[in-house]
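S.K.: With the numbering used here applied, the sequence shown corresponds to residues 6 to 475, in that order.
Zero decoy hints are in this set.
Ranges between beta-carbon positions, derived for each pair:
no., residue 1, residue 2, range
1, R60, K94, 11 to 21 Å
2, L452, Y211, 38 to 48 Å
3, E197, V166, 41 to 51 Å
4, T232, W176, 39 to 49 Å
In silico EDC-like links for lysine to aspartate or glutamate, alpha-carbon gap of 20 Å or less:
no., residue 1, residue 2
5, K148, D84
6, K431, E307
7, K328, E257
8, K431, D200
9, K253, E281
10, K94, E135
11, K226, D205
12, K148, D116
13, K148, D82
14, K253, D268
15, K431, D377
16, K328, E281
17, K226, D200
18, K431, E384
19, K253, D324
20, K226, E197
21, K329, E281
22, K94, E61
23, K329, D358
24, K148, D45
25, K148, E122
26, K94, E136
27, K328, D358
28, K253, E325
29, K148, D50
30, K431, E197
These aren't lab readings, by the way, just hints derived from the structure by calculation. Just so it is clear, CB atoms sit at the ideal spot from N, CA and C, and this is done for glycine as well.
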Amino acid sequence: MNSIRLRLLKWLIVPIILINLAGASMTYLLAWIPAQIAFDQSLADAAVALASRLREGPAGASIDLPRQAEQILRANDIDAFYFVVRTGKGQILAGDVDFPLGGRLEVAAHDGTMRGEPIRIAFLPVVQGEEHLLIGVAKTMRKRQQVRSAILRALLLVEGVFILALVGLIWFSVTNGLLPLARMRANLNAREVNDLAPIDSGAVPYELVPVVGAFNEMLGKVRAGATAQHNFLADVAHQLRTPLAGLKLQLEWLAARYKGDPDTVRSVQLMLTSNERMIRQTNQLLALARAEPSRFEKKRLEQVDLSQLVGQVVQYFVDEAGKKQIDIGFDLQPAPVAGDTNLLRDLIDNLVDNAVRYTPQGGTVTVRTFADGQQGVLEVEDSGPGIPPHQRGLVFQRYVRLDDKSTGSGLGLAIVRDIAQAHRAKAEIGDGRDGRGMTMSVRFPALKRRASPLTIAALPGRSSSGRPRA
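Based on the provided sequences and hints, a complete structural model is requested.
M.R.: Right, dumping it as structure tokens:
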């Protein structure tokens, strides 16, 4: 895995561990060599002590070593002590007869073996009168091994603590040094899908300024491309509205002129239906371009009341529902929100049109607005086929239709989603009353300031036939 963190840790931790191990080796040598010299010096002192007991006599050299003095020399709770005093002819004057042989060149202390155990041996050549003698002393290496083990244990413990502390310090330093990258990643992940605003280069370290600059340049290109695409979509939709409206007038004129010809009337009616569908889709494309969250300007927000917006288009919804004999009712209570009037009209239009379109003939549709605390809520309930829970997330995507029998372009609820996101509102689909149909609700955030009481007369609930609804 190509990771900056791993690369930094590798290039920091590995060299520091190697340097620390090299320092530990030097520390071990500095601790062990003086101890080795001290042990060897004790052997040399024992050899000198034996040399001081040599005597010159008529029969030649001899050694005055009482038994008690030998016991004192050999006394040791840990190591065994061996010695020998030989003449130049190999005659042993005192000591252990199985002591290893040594030459005059083997003066310095060195390792050896005696009685199956490692020993440290030292020889001391002595001239007594005219006779050359060789004194050999040796000790087992038990105490040396104990001292060496103690040095190694202490050194390993100290080095282990140092290495762990250094690794932790390096890990903390690298993590802390990479925090600006983590913060920038978190800020980017927290953005909305259509948020293409540039990153503030003043809030990042100097080393990341070129990266942020390149990223902002790319965002600018993406923003320019998205703006061009949205402008093209809006222009095309706007330009299509006029010729489509003219075509509709011509088709209505033809239908009125040739009333006596059933085939002609039928063909014209089919063309009128297709024309109305094209007008509907064109209007939806234009609403989609306006509802794009990246083009939304918060400065256009103003305090509006959802009940008033619905009340302004009540008659249009009643007329559309009457064509299918749908009983449409309105329960409008004051619901002040902060929003863009044109976009909220598009949201209401798409929600109610969607309910009327998919509610079967003779069904019911209810439009409600009310305030839940300081939140404004818009609900549209219908007695249509509803949407299964596992498919409710799909209908908010563009150009998605749940089956081949569904009519429309699949843009209505996508427009609702975009307008809701632009207003920081939450659009949800729930079940209708008694488990029939569905309820589409949009819950707007609370106003930052408590709105002053609005003098809005709630419209009485009424059906498409003009009767108040219970």
